[in-house]
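Trainee: One letter stands for each residue in the lines below.
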Amino acid sequence: MSQNNKPKIAFFDFTSCEGCQLTVIDSLQTHPELLDVVNIVQFREAMTEKGEDYQVAFIEGSCTRESDEARLKEIRQQAAVVVALGTCAHLGGVNTLKSLHPLPEVRRYVYGDKAEWYETYDARPIEAVIPVDFAIPGCPIDRNEFIGAVKALLLGKKPPIPDYPLCVECKLKENVCLFTRGQVCLGPVTRAGCDAICPTYGQSCEACRGYITNPNDTSMRNLLAEHEMSVDEITTMYTMFTAYQVREKLMQAESASGR
Amino acid sequence: MSLHILKKEDLTEFLTKLLPDYRVAGPVKENGGFAFQEIRNPADLELDYTTTILPPKKFLLPTREVLFNFDNSNGGEIQPPPPAIPTIIFGMHTCDVHAVQLLDQVFSAGHTDPNYVDRRNQTLIISVECLSPCDVHSFCKSMGTLSADEGYDLHLTDLGDSYAVDIGTQAGRQLLEQYAQTSMATPDNVQRLNNVLGEKWPRFPYRLDFDVSDLPSLLNMTMKSPLWNELGERCLACAACTNVCPTCFCFDVRDDVELDLRHGQRVRAWDSCQLDEFATVAGGHNFRTSRALRQRHRFMRKGKYILEAHNYLGCVGCGRCARACLVDITPVGVFNDLHRQLEVEGRL
Amino acid sequence: MSKRIDVHHVTRVEGHGNIVVEIADSQLKECRFDVVETPRFFEAMLRGRPYIEASHITSRICGICATGHATTSLRASENALGIKPTWQTELLRKLSFHGEILDSHILHVYMLVAPDFLGVGSVIPLASSQPDIVLRALRMKKLSGDICAAVTGRHTHPIAMTVGGFTHFPKNGELEILRQQLEAARADVDATVELCASLPWPQFERDTEYISLTRPDEYAFIDGEIISSDGARLPIESYQQVTNEYMVPHSSAKFTRFQRDSYMVGALARFNNNYEQLHPRAKAAAAAFGMQPKVTNPYLNTAAQVVEIVHCVEDSINIIDQLLQKGVAPEDPVPPSTQGGEGVGACEVPRGILFHHYWIGEDGKMTGANCIIPTNQNIANLEGDMKSLVPQIMDKPTEAMQLDLEMLVRAYDPCISCSVHLTKVVRP
Amino acid sequence: MIIAASHPTVAEPTLDERQLYLPNFVRILDIKPLTELEKVFTFELPNGRPLGHRPGQFVEVSVLGVGEAPISISSSPSRSSKSFELCVRRVGDVTSALHSLKPGDRVGIRGPFGRGFPFEKFRGKDLLFAPGGLGLAPLRSLINQVIDERAMFGRVVILYGARNPGELLFKDELKRWDEMEDVELYLTVDRGDDSWTGNTGVITTLFRNISVYPRNTVAATCGPPIMYRFVMMELFGKGISEGNIWLSLERRMKCGVGKCGHCQINNVYACQSGPVFSYKEIKGLEEAL
Ligand SMILES: Cc1cc2nc3c(=O)[nH]c(=O)nc-3n(C[C@H](O)[C@H](O)[C@H](O)COP(=O)(O)OP(=O)(O)OC[C@H]3O[C@@H](n4cnc5c(N)ncnc54)[C@H](O)[C@@H]3O)c2cc1C
Ligand code: SF4
Ligand code: SF4
Ligand code: SF4
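Protein sequences appear in the order of chains A, B, C and D. Here the first sequence stands for residues 504 to 762, numbered as in the numbering used here. Here the second sequence stands for residues 12 to 359, numbered as in the numbering used here. Here the third sequence stands for residues 179 to 606, numbered as in the numbering used here. Here the fourth sequence stands for residues 152 to 440, numbered as in the numbering used here.
Take the hints with a grain of salt, since some may be wrong.
Unchecked claim - If the Cβ cut is set under 7 Å, some of the chain A residues that face chain B in the computed set are:
id, residue
1, Phe637
2, Lys654
3, Leu657
4, Lys661
5, Ile664
6, Pro668
7, Cys670
8, Val671
9, Ser722
10, Met740
What the hints assert, rightly or not - The calculated DSS-like cross-link candidates involving lysine-lysine, where the alpha carbons are at most 25 Å apart (straight line), are:
id, chain 1, residue 1, chain 2, residue 2
11, A, Lys661, D, Lys253
12, D, Lys190, A, Lys661
13, D, Lys322, D, Lys183
14, C, Lys504, A, Lys553
15, D, Lys431, B, Lys235
16, A, Lys509, D, Lys190
17, B, Lys69, A, Lys676
18, B, Lys40, C, Lys504
To be verified - Which bits of chain B does chain A cover? Going by a derived footprint, with three or more residues having C-beta under 8 Å, they are:
id, region
19, 42-49
20, 64-77
21, 153-167
22, 221-230
23, 251-263
24, 268-275
No wet-lab data here; the hints were simulated from the structure. All C-beta atoms, glycine included, are put in the ideal place defined by N, C-alpha and C.
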């Protein structure tokens, strides 16, 4: 393939830890041929060139200030395909944890009396600002899933992101279930695709990939309650990466009951 | 066939001799439990194991396997996978032996599945007699799988300082002759064996409230039971139950392509009827939308559908799904509940 | 002569920062490094969360020093809760920490800095023009990642580390393989030293105060005391006497100063303060660069990183030997000995000294937190360097000047995404 | 010597079975767009061997790298022994990949699979075809075979419905059928447009126009899942017996050969026992319709 007919892709970062972009760089260790099949025209973290002519935009990070919206819209205008790269972009991620506290209070807590120097608003997924075609979930993204998504996009397919619970992968890895070990885990409602890496390394799944389309939420909450978790603790556990969605849901419920 | 005696101290040598010629899989300690793994060091084999999370099925029907490799460069060329590796599954419990018999039937009925059958025909099974239940979840006695009179090549029963080795097939006999140091059983040994088998039987409880031969007709009468909805409300649709089951065999097929988009593999991987997408077609129509219908499908398969199609019960009572389910949906519980319902309704 | 340099979002650094330099009538009017990263509010987010989550949340401050944040976070919680980690835990933590230092330094040296010397905009063109260099970098980076993965599951964001210990343990076999790979990597390490020692490092000297951790027993990465090259030693609990954070309107990151107007942290500070404890092979590498403490050329921060690459590879082999001698055995995390409390954790992450300061309530929930990030501590010093560098290079063409300034920024290896959390700690 | 191999436990697969999952490659001769979403592909058979299919059977079509999809054979075995036709709706990955191919490209084929329509049983009967939407694709094969042996059958009535005029498939062929003296074709669309002068309404509205001699009538229908219940009621209303109503059912399918489990309807594998069933065969199956 000549440089010309390779699809041009660009990487952008908003509020994030840049771990997903690092994972992209790391994916070169196992897939150096990535550079043969796509033409990376912009990747601030790794290159000086800033090409503005691209077909696919991978966007990392959540939107946390109004002034970033214009840039996001510009990217949407240019790119034929916009991919949310990682949980911050896809769901809001840990950045949205602050939305569990009232915003002015958060600002005061961190900036003290200089709060007004710094612009910020409720952190949100980029999907809340511009339409997104595909998302690669995960905090950070899974290297193989990223490569899989690139292949799918090159083939004109939808990226193969699972829509079934993590327990599927966890069982196939023959992990002893954390519930059996007296702990709790969000695996039964969380989207698979990370090869159950947290349970494999002895930690509960914290739902960094977000929830499946059709989780059995009631049964899951009952299960956690049976494991001596209070409603508060369950909410805390559910909101580590998805505070934005949980808050949206609460607000919907509130306005529905208000009527 | 005839009975041999393998001294326990000769087991290591038996394994050591097998290792160069065969891939030997058997139960080993892992993560505080047991798992069937490829044995590299004879000392790792734990014949005195309870149960495993995944059944030894994974050596006959791998969680992910290549159906063929392809090269798309000039219009498409395909290459079947390399031939199966000679394998010995060492230490299978009899429930799993029954399960393998079902798989053999499924994959050779109608169209013979070449990939499974090639692997199966390169595999020898050395099973062990269970002397006490794995745990409270086992219900092998109710399912009639507490012993097996066929389906293995060699079958071991622990007699204390030695194993009684029952030869199941000609291949088993050759294997024993070629690789193991055994002696013919003496009348004493046979007596010991009888005692061991006699003592084990009462250790296992019957856990179904009815005879398993009534299971298909029970299920026939309970297609519309309200229990399915109750299960549907509880079930997390996590598919743990089907993924750990030795008799589940449904699979997904997909293409994995390399970044050059030319080379790749068509792969089959385990799938589960408990997942939303299993019966969903393009356009979004799902033929088993609710978790209730999917649970019903699962239990109907276990006790009825598979029997009707293949003459083997679809459940061997290993209890793996019961251990794996986080919301306590178990075959024993479900089948007994259905039985009780019919009793209450006076339909028995 | 008048010139304006305005670099919007300096590339090949972590996070977003701008260089603004204005020269009017040969007078330096304006010289700033703006941190324009969006503020992240991590301390505020921690409040109300169970302490056990703190290391998982704070590792998300930065993808590149995730293990550093997690380790510092764990040490803060452990100090708050009166937990003394076991010998094995300490060794495993050091090993994964080395993995991260290696990963970060290799990324910085090869992918962020080297392109400047080789006259390209990124590592991508090098993949075809100098594939051996790129492949070597990828090989070394993979090994660093593998070290982290064996111990904690992955580098960004580590999984198996928890308060009091680990939830997963590498198998002895895995460690043996890593050891072999580390030994084999010596050739790549030597080639790295050779390559970097041959680069034309810009000549620029400016003495400043160098601050790092120090330990009596080893080249300090985790725990220890704060030490200043100007002569001062403080316990980590007194970090605020050193950092003295203050704010400026052009930056969303906090600025710091101790005994001078500014100080420097990072590989060069560690090198200057703890040179004696480097592995002999690392000292030999320093000699290849002609480096002896105290080194006052900030561009050589990158060289100090190369020296640390050598040290960490050797020390990792060392640690693995110690672990293998006893064999790694699963152990439960050490439980807290107090309910709640206050604690400070400090580590030398790739870019310098990092502090986490936690307050944990009796219910096990976080009631307060403060994180002081190395890049913050460096920004005032970076601006100081810029101010003294610009007059020396003012006669160069604007483009060359801009490159010198960008290279200076990159030498600091700033991690701006980290640096933005902020300010005054509100004690509960 | 490896002992296992010399004592096979399970009967060895035949040569054909060895190919079970391996597609054969066929070349695209022609592609005709029918509507916005559907195209008809004509494939050339390798070394002139006929496909040997029955109407109602399907093939698994592979685009290597993208995947495989079951598609009904739309051409009649009576028409050409050198080629066959598939009518494909673009709905997802594989079907979109097929739509992007050009004549001369190759695709993989496995099959034909499944049980088709029991053509022999239809001889001498009046035939009532009731396809809905894309359901015409498999029925077209059957209809054309009937037309080619027209003398063997009684009346031939076709009731075809689509959502709108633009979605009617095989318009040329519909016209030809309409012009035939001995074929009765009735069309309807759910929603008409300016140019549409025919019947509007769902397919069941067409049944009002016709009367049949129930004892001698066989019906065949295929369409979207929701259609069957309603069509079935109409057919019962005409007095056609359960054994004389034939349906082609759609299910998710992966292997096409009765292993993968996706197409299971209670204890029946649709890919093996179907996809064509008589109503009598499936009425006891809870999940069939
Ligand atoms: C017996 C039979 C005959 C068919 N005949 C035709 C036909 O003549 N023309 C036509 O256009 N379509 C036909 N279909 C439907 C066609 O198979 C699906 O539209 C196609 O599989 C969608 O695949 P995709 O990759 O484009 O869609 P995606 O949504 O990307 O599907 C992903 C995968 O899901 C599975 N899948 C999804 N939908 C179906 C489905 N409806 N049936 C089976 N598997 C599915 C396939 O394995 C597919 O590869 C038939 C289906 C069956 C079962
Ligand atoms: S550990 Fe978590 S993901 Fe794994 S099986 Fe248990 S609940 Fe599911
Ligand atoms: S259904 Fe459950 S008990 Fe029965 S065989 Fe499967 S896993 Fe074992
Ligand atoms: S294991 Fe239990 S919860 Fe999970 S799918 Fe099976 S029945 Fe449902």
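Trainee: None of the hints should be skipped; say for each whether it holds.
Mentor: Here's how the hints hold up against the structure:
1. A least Cβ separation of about 17 Å between A/Phe637 and chain B goes past the 7 Å threshold, and the interface hint is therefore violated.
2. For A/Lys654, the shortest C-beta to C-beta distance to chain B is roughly 6 Å, which falls under 7 Å, so the interface hint holds.
3. Below 7 Å, beta-carbon pairs count as interface contacts, and A/Leu657 has one with chain B at about 6 Å; its hint therefore holds.
4. Because the closest C-beta pair between A/Lys661 and chain B is about 12 Å apart, greater than 7 Å, the hint is violated.
5. Below 7 Å, beta-carbon pairs count as interface contacts, and A/Ile664 has none with chain B, the closest being about 12 Å; its hint is therefore violated.
6. Using the Cβ-Cβ criterion of 7 Å, the hint placing A/Pro668 at the interface with chain B is satisfied: the shortest such distance is roughly 5 Å.
7. About 4 Å separates the beta-carbon of A/Cys670 from the nearest beta-carbon of chain B, less than 7 Å, and the hint is met.
8. For the restraint placing A/Val671 at the interface with chain B, the shortest Cβ-Cβ distance is roughly 5 Å, inside the 7 Å limit, so the hint holds.
9. Annotation: A/Ser722 was flagged as interfacial toward chain B, and the flag holds, the nearest CB pair being 5 Å apart, inside 7 Å.
10. The beta carbon of A/Met740 comes no nearer than 15 Å to any beta carbon in chain B, farther than 7 Å, and the hint placing it at the interface is violated.
11. Between A/Lys661 and D/Lys253, the direct Cα distance comes to roughly 22 Å. Compliance with the 25 Å bound is thereby established for this hinted pair.
12. For the hint pairing D/Lys190 with A/Lys661, the CA-to-CA distance comes to about 21 Å; that is within 25 Å, so the pair holds.
13. Between D/Lys322 and D/Lys183 the alpha-carbon distance is near 12 Å, which keeps this suggested pair within the 25 Å criterion.
14. Annotation: proposed proximity of C/Lys504 to A/Lys553 is violated, straight-line Cα distance about 52 Å (limit 25 Å).
15. At roughly 21 Å between alpha-carbon atoms, D/Lys431 and B/Lys235 fall within 25 Å of each other, so this suggested pair holds.
16. About 29 Å separates the Cα atoms of A/Lys509 and D/Lys190, which puts this hinted pair outside 25 Å; it is violated.
17. Distance restraint check for B/Lys69 and A/Lys676: the Cα-Cα separation of roughly 12 Å lies within the 25 Å cut-off, and the hinted pair is therefore satisfied.
18. Restraint check for B/Lys40 and C/Lys504: satisfied, since their Cα atoms lie roughly 21 Å apart, inside the 25 Å limit.
19. With 4 residues having a beta carbon nearer than 8 Å to a beta carbon of chain A, the region 42-49 of chain B meets the requirement of three or more and the stated coverage holds.
20. Coverage of a stretch by a chain is defined here by at least three residues with a beta carbon nearer than 8 Å to that chain's beta carbons; for the region 64-77 of chain B and chain A the count is 3, and the condition holds.
21. Only when three residues or more bring their CB closer than 8 Å to a CB of chain A does the claim for the region 153-167 of chain B stand; here the count is 0, and the claim is violated.
22. Remark: the region 221-230 of chain B is not confirmed as covered by chain A, as 0 of its residues place a Cβ nearer than 8 Å to a Cβ of that chain, below the required three.
23. Residues of the region 251-263 of chain B with a Cβ under 8 Å from some Cβ of chain A number 3, which satisfies the need for three, so the listed coverage holds.
24. Coverage of the region 268-275 of chain B by chain A holds [criterion: at least 3 residues with CB-CB distance below 8 Å; count 5].
The structure is inconsistent with the numbered hints 1, 4, 5, 10, 14, 16, 21 and 22, although it conforms to all the rest.
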